[in-house]
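If you want the building blocks of each chain, they are given just below.
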Amino acid sequence: GQQLNQSPQSMFIQEGEDVSMNCTSSSIFNTWLWYKQDPGEGPVLLIALYKAGELTSNGRLTAQFGITRKDSFLNISASIPSDVGIYFCAGPEFYGGSQGNLIFGKGTKLSVKP
Amino acid sequence: ETGVTQSPTHLIKTRGQQVTLRCSSQSGHNTVSWYQQALGQGPQFIFQYYREEENGRGNFPPRFSGLQFPNYSSELNVNALELDDSALYLCASSSPGRDTQYFGPGTRLTVL
Numbered sequence: 001g002q003q004l005n006q007s008p009q010s011m012f013i014q015e016g017e018d019v020s021m022n023c024t025s026s027s028i029f030n031t032w033l034w035y036k037q038d039p040g041e042g043p044v045l046l047i048a049l050y051k052a053g054e055l056t057s058n059g060r061l062t063a064q065f066g067i068t069r070k071d072s073f074l075n076i077s078a079s080i081p082s083d084v085g086i087y088f089c090a091g092p093e094f095y096g097g098s099q100g101n102l103i104f105g106k107g108t109k110l111s112v113k114p
Numbered sequence: 001e002t003g004v005t006q007s008p009t010h011l012i013k014t015r016g017q018q019v020t021l022r023c024s025s026q027s028g029h030n031t032v033s034w035y036q037q038a039l040g041q042g043p044q045f046i047f048q049y050y051r052e053e054e055n056g057r058g059n060f061p062p063r064f065s066g067l068q069f070p071n072y073s074s075e076l077n078v079n080a081l082e083l084d085d086s087a088l089y090l091c092a093s094s095s096p097g098r099d100t101q102y103f104g105p106g107t108r109l110t111v112l
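Protein sequences appear in the order of chains A and B. Using this note's numbering, the letters of the first sequence correspond one by one to residues 1 to 114. Using this note's numbering, the letters of the second sequence correspond one by one to residues 1 to 112.
Since the hints were made in silico from the structure, they are not lab data. Just so it is clear, CB atoms sit at the ideal spot from N, CA and C, and this is done for glycine as well. Hints may contain errors.
[What the hints assert, rightly or not] Reference listing, derived: stretches of chain B covered by chain A, where coverage requires no fewer than 3 residues with Cβ under 8 Å from a Cβ of chain A: (1) 40 to 47; (2) 97 to 110.
[Claimed, not checked] Think about it this way: if two alpha-carbon atoms lie no more than 25 Å apart in a straight line, the pair counts; the simulated SDA-like pairs of lysine to any residue are: (3) A:K106 <-> B:N30; (4) A:K51 <-> A:G1; (5) A:K106 <-> B:Q6; (6) A:K51 <-> A:P39; (7) A:K109 <-> A:E15; (8) A:K106 <-> B:A38; (9) A:K113 <-> A:E93; (10) A:K70 <-> A:G1; (11) A:K106 <-> B:T100; (12) A:K109 <-> B:A87; (13) A:K106 <-> B:T110; (14) A:K106 <-> B:D85; (15) A:K113 <-> B:Q41; (16) A:K106 <-> B:Q44; (17) A:K51 <-> B:S95.
[Stated by the list, open to error] Beta-carbon label-pair distances, calculated as ranges: (18) A:R60 <-> B:T2: 32 to 40 Å; (19) A:S77 <-> B:G40: 22 to 30 Å; (20) B:P61 <-> A:P81: 38 to 46 Å.
Chain A on its own, in the form it takes in the complex (with noise of 0.2 Å):
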């Protein structure tokens, strides 16, 4: 099936910095979806990007839809300490996989730089 790999797996940050991860996959998607987790609680949807070459901000928060459609983006400017969390990317499973199957990354790791 599709797999979603999201690079870093893990990151530090200092407040003010900018934060830039990605998401990739072999095989096309139509939707690209960015979810935020805080430990022990439920992904809160960040940003959606539903056509190629998309860009969408979400106050400090910017994705992409890569125009390959095979790849996504989301950059964090001015970081600040609440940015801490696990930022998952997720599609909707395309080719031949069950109806409503979001396929996620294994996510990155946002810390605090000590």
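Chain A is fixed; fit chain B onto it per the hints.
For chain B alone, coordinates are given in the frame of chain A:
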């Protein structure tokens, strides 16, 4: 607008028992999906319900079953619990024909 709610928040069961988890969808959403999230992993799709019928299923055994009610709320039932069933169970709702899913806070199930 009410978001997705789930109950209970936490649950402890012993191996072999049965469990029922509940979910109320976000207002205006008639499609509910269930996911299992093991520690340190991304959510894994269990199944989806639309119009009170299973609309798609992931790679989970038949002892994982579900229901959807006329008010679009849903239940996840797991029989013959195994230790590996310990996980965060997430419910997500969506509008018909839309890929974007909105998640509830989850139910933490511990199987001893």
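Right, here's what the structure says about each hint:
no. : hint                        : in the structure
1   : 40 to 47                    : holds (count 6)
2   : 97 to 110                   : holds (count 9)
3   : A:K106 <-> B:N30            : violated, 28 Å
4   : A:K51 <-> A:G1              : holds, 22 Å
5   : A:K106 <-> B:Q6             : holds, 24 Å
6   : A:K51 <-> A:P39             : violated, 31 Å
7   : A:K109 <-> A:E15            : holds, 16 Å
8   : A:K106 <-> B:A38            : holds, 11 Å
9   : A:K113 <-> A:E93            : violated, 35 Å
10  : A:K70 <-> A:G1              : holds, 14 Å
11  : A:K106 <-> B:T100           : holds, 19 Å
12  : A:K109 <-> B:A87            : holds, 19 Å
13  : A:K106 <-> B:T110           : holds, 22 Å
14  : A:K106 <-> B:D85            : holds, 19 Å
15  : A:K113 <-> B:Q41            : holds, 23 Å
16  : A:K106 <-> B:Q44            : holds, 11 Å
17  : A:K51 <-> B:S95             : holds, 19 Å
18  : A:R60 <-> B:T2: 32 to 40 Å  : violated, 27 Å
19  : A:S77 <-> B:G40: 22 to 30 Å : holds, 28 Å
20  : B:P61 <-> A:P81: 38 to 46 Å : holds, 42 Å
Going down the numbered hints, you'll see the structure goes against 3, 6, 9 and 18, while the others check out.
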